[in-house]
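Trainee: Whenever a hint applies, use it, and build me the whole structure from the sequences.
Chains A and B, in that order, give the protein sequences. Under the numbering used here, read the first sequence as residues 1 to 317, first letter to last. Under the numbering used here, read the second sequence as residues 1 to 317, first letter to last.
These are computed hints drawn from the structure, not numbers from a lab. You may find that some hints are simply not true.
Where chains are identical, the list cannot tell them apart; a pair therefore holds if satisfied intra-copy or between any two copies.
As the list claims (entries may be wrong) - Taking lysine to any residue and the SDA-like style, the derived pairs with C-alpha atoms no more than 25 Å apart in a straight line are:
(1) K222 / V140
(2) K261 / L315
(3) K116 / V140
(4) K116 / R268
(5) K261 / L312
(6) K73 / S93
(7) K222 / E209
(8) K112 / P316
Protein chains: 2
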Amino acid sequence: MKQEGEIDSHSIAEARERIDAFVHWTPLMRSSAINKIAGCELIFKCENFQKVGAFKARGAANAVVKLPASQRKNGVATHSSGNHAAALARAASEIGIPAYIVMPSSAPETKKRAVKEYGGQIFECAPTLQAREEGLRSVVATYGAVFIPPYDHWDVIEGQATCAFEIFESSISLDVLLAPVGGGGLLAGTALAAHFFSPETKVIGAEPEGADDARRSFLAGKRIPLQQANSIADGLLTSLGEINFEIISKHVGDILTVSDKEIIAAMRLIYERMKLVVEPSCAVPLAVVLRNKAQFQGQQVGIILSGGNVDLARLPF
Amino acid sequence: MKQEGEIDSHSIAEARERIDAFVHWTPLMRSSAINKIAGCELIFKCENFQKVGAFKARGAANAVVKLPASQRKNGVATHSSGNHAAALARAASEIGIPAYIVMPSSAPETKKRAVKEYGGQIFECAPTLQAREEGLRSVVATYGAVFIPPYDHWDVIEGQATCAFEIFESSISLDVLLAPVGGGGLLAGTALAAHFFSPETKVIGAEPEGADDARRSFLAGKRIPLQQANSIADGLLTSLGEINFEIISKHVGDILTVSDKEIIAAMRLIYERMKLVVEPSCAVPLAVVLRNKAQFQGQQVGIILSGGNVDLARLPF
Numbered sequence: 001m002k003q004e005g006e007i008d009s010h011s012i013a014e015a016r017e018r019i020d021a022f023v024h025w026t027p028l029m030r031s032s033a034i035n036k037i038a039g040c041e042l043i044f045k046c047e048n049f050q051k052v053g054a055f056k057a058r059g060a061a062n063a064v065v066k067l068p069a070s071q072r073k074n075g076v077a078t079h080s081s082g083n084h085a086a087a088l089a090r091a092a093s094e095i096g097i098p099a100y101i102v103m104p105s106s107a108p109e110t111k112k113r114a115v116k117e118y119g120g121q122i123f124e125c126a127p128t129l130q131a132r133e134e135g136l137r138s139v140v141a142t143y144g145a146v147f148i149p150p151y152d153h154w155d156v157i158e159g160q161a162t163c164a165f166e167i168f169e170s171s172i173s174l175d176v177l178l179a180p181v182g183g184g185g186l187l188a189g190t191a192l193a194a195h196f197f198s199p200e201t202k203v204i205g206a207e208p209e210g211a212d213d214a215r216r217s218f219l220a221g222k223r224i225p226l227q228q229a230n231s232i233a234d235g236l237l238t239s240l241g242e243i244n245f246e247i248i249s250k251h252v253g254d255i256l257t258v259s260d261k262e263i264i265a266a267m268r269l270i271y272e273r274m275k276l277v278v279e280p281s282c283a284v285p286l287a288v289v290l291r292n293k294a295q296f297q298g299q300q301v302g303i304i305l306s307g308g309n310v311d312l313a314r315l316p317f
Numbered sequence: 001m002k003q004e005g006e007i008d009s010h011s012i013a014e015a016r017e018r019i020d021a022f023v024h025w026t027p028l029m030r031s032s033a034i035n036k037i038a039g040c041e042l043i044f045k046c047e048n049f050q051k052v053g054a055f056k057a058r059g060a061a062n063a064v065v066k067l068p069a070s071q072r073k074n075g076v077a078t079h080s081s082g083n084h085a086a087a088l089a090r091a092a093s094e095i096g097i098p099a100y101i102v103m104p105s106s107a108p109e110t111k112k113r114a115v116k117e118y119g120g121q122i123f124e125c126a127p128t129l130q131a132r133e134e135g136l137r138s139v140v141a142t143y144g145a146v147f148i149p150p151y152d153h154w155d156v157i158e159g160q161a162t163c164a165f166e167i168f169e170s171s172i173s174l175d176v177l178l179a180p181v182g183g184g185g186l187l188a189g190t191a192l193a194a195h196f197f198s199p200e201t202k203v204i205g206a207e208p209e210g211a212d213d214a215r216r217s218f219l220a221g222k223r224i225p226l227q228q229a230n231s232i233a234d235g236l237l238t239s240l241g242e243i244n245f246e247i248i249s250k251h252v253g254d255i256l257t258v259s260d261k262e263i264i265a266a267m268r269l270i271y272e273r274m275k276l277v278v279e280p281s282c283a284v285p286l287a288v289v290l291r292n293k294a295q296f297q298g299q300q301v302g303i304i305l306s307g308g309n310v311d312l313a314r315l316p317f
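Mentor: Have a look at this one:
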């Protein structure tokens with residue numbers, strides 16, 4: 001596993017090559033209609049088109065492929081109710097090793113089905129963090145599998161950094177680049193990629209008001225874990241990881257929050273004007289831009305559309 | 001206005017140049033997940049990303065830009081409750097002439113708003129064909145505007161042909177190319193483009209069972225107008241046009257129908273697996289492929305995703 005200081009421009013470019021067979025180089029899209037509303041030039045990086053429907057495919061693939069043969073052989077494990085579970089199951093399946101996924105019994109059927117489709121083995125547990133951690137310990141002890149956490153992990157962060165790397169490799173010049181922040185894997189990776197490939201680009205984290213531990217931690221200069229989380233952006237309800245906090249403190253320019261109402265309005269614009277299916281978490285950066293139009297006026301603004309795994313029966317409009 | 005025999009490979013390529021400033025060269029997308037389900041190699045032409053959210057932008061732009069100055073000056077007119085209304089209003093606005101749109105009072109607010117946003121002037125009428133035609137006659141008499149019909153018109157068909165032209169220009173080799181059929185503008189244009197640029201490609205029309213006049217006309221060798229139409233594919237509830245029928249009879253290989261249940265299942269796959277917002281009409285060709293898997297087994301199959309203008313509050317899932 002990488003240590004701090006070992007991620008640099010060279011290692012991010014290497015990570016992109018390492019995962020090339022496992023992920024898409026996702027397209028960039030623009031919308032003149034949304035530009036007009038926002039008053040700036042928006043460039044959207046479409047990770048909703050990524051394998052498993054979210055950027056998580058990158059970090060999971062990078063972490064799994066980097067494992068030495070001696071560690072790979074017993075498989076990988078994680079606890080997750082979301083996109084990381086499917087991403088890890090898929091990455092493991094691609095290189096022919098087992099994936100053991102501890103999921104809360106309350107996880108949506110669609111998420112469980114996705115993990116099973118990629119050949120992951122599900123272990124259901126009670127829907128508490130304690131039960132998940134116990135479940136994971138038991139799986140790791142039983143099978144000797146390597147735990148790959150969803151965000152608080154150097155190789156996962158290095159993998160997520162390949163997303164912004166692709167933007168900069170496309171010779172796109174950005175004043176600002178926004179990514180949503182939950183555990184901080186994508187935001188930390190994005191900030192590192194900008195630091196090494198486009199230091200003039202300011203990276204901003206976008207967070208729901210109802211789960212604003214990243215903003216509070218960022219302002220306080222120390223991690224303040226979430227006491228409770230309440231937002232429609234169900235991919236962002238986790239506390240910032242430790243490594244993630246260190247990187248974000250150093251390399252992120254700001255973290256801005258928005259209400260669920262603003263998230264839903266931005267999500268609706270993406271559906272109506274861009275014809276893209278995105279999950280609520282994915283709409284948080286656009287909501288931040290629309291709430292702070294004056295700040296972004298006339299700028300070249302990149303937005304990472306993080307994923308498109310949404311329950312169609314529960315769209316908020 | 002073009003006459004039969006005047007559309008050829010040269011004129012379609014010219015039309016593409018003529019409308020270049022007004023439309024997108026839309027992307028092609030693939031989905032390994034849907035390929036696995038369908039048992040063939042699908043290539044989707046994403047007209048849901050087109051200006052005004054549908055292929056209709058092409059035909060309207062081509063017809064409007066081709067008008068000589070003497071005819072342009074009093075503007076253009078049509079009656080439509082759908083995408084053609086917005087497309088015509090936008091094309092007219094782009095070249096700075098007025099557009100008069102006769103719309104049934106029952107048309108959805110979103111459609112009216114789209115026409116207004118593009119600067120079109122709306123004349124509401126009772127929701128009958130007779131009232132629409134009377135409204136149109138009155139607008140044409142009052143303003144001296146030129147009537148641009150939605151599909152039964154050579155320049156409109158030539159414009160729609162530029163969509164399949166773009167596929168063949170991308171050096172994509174197809175065994176089959178499917179397009180939905182309502183009035184027949186897109187299907188006729190697609191068939192002409194294949195005839196001139198890829199004669200080995202079989203063009204198939206895809207139609208809802210509840211509005212199957214195109215299939216019945218195709219089999220009978222004469223136009224059989226719809227007596228009644230009932231399908232979720234609200235863009236396809238019109239009878240085949242006259243010119244459209246002539247072209248389709250000559251150059252289309254087959255017309256296949258599907259049920260609304262099959263349309264909804266295909267639409268759901270496009271949302272879930274491709275992360276694309278499409279309207280029900282747009283899912284009809286994929287539904288045809290999934291209903292007739294044996295026929296398409298192992299082939300290279302092109303599908304035109306015709307549009308993405310859907311009422312998000314009324315998604316059928």
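Trainee: Take the hints in turn and mark each one as holding or not.
Mentor: Right, here's what the structure says about each hint:
1. K222 / V140: Intra 31 Å, inter 70 Å, cutoff 25 Å: neither.
2. K261 / L315: both (13 Å within a copy, 21 Å between copies)
3. K116 / V140: within (19 Å within a copy, 61 Å between copies)
4. K116 / R268: between (31 Å within a copy, 20 Å between copies)
5. K261 / L312: Answer is both: 18 Å inside a copy and 17 Å across each meet the 25 Å cutoff.
6. K73 / S93: Within one copy only: 12 Å inside, 64 Å across.
7. K222 / E209: Only inside one copy: K222 and E209 sit 19 Å apart there, 63 Å across copies, limit 25 Å.
8. K112 / P316: both (22 Å within a copy, 23 Å between copies)
Comparing the model with each numbered hint stated earlier shows that hint 1 is the single one that does not hold.
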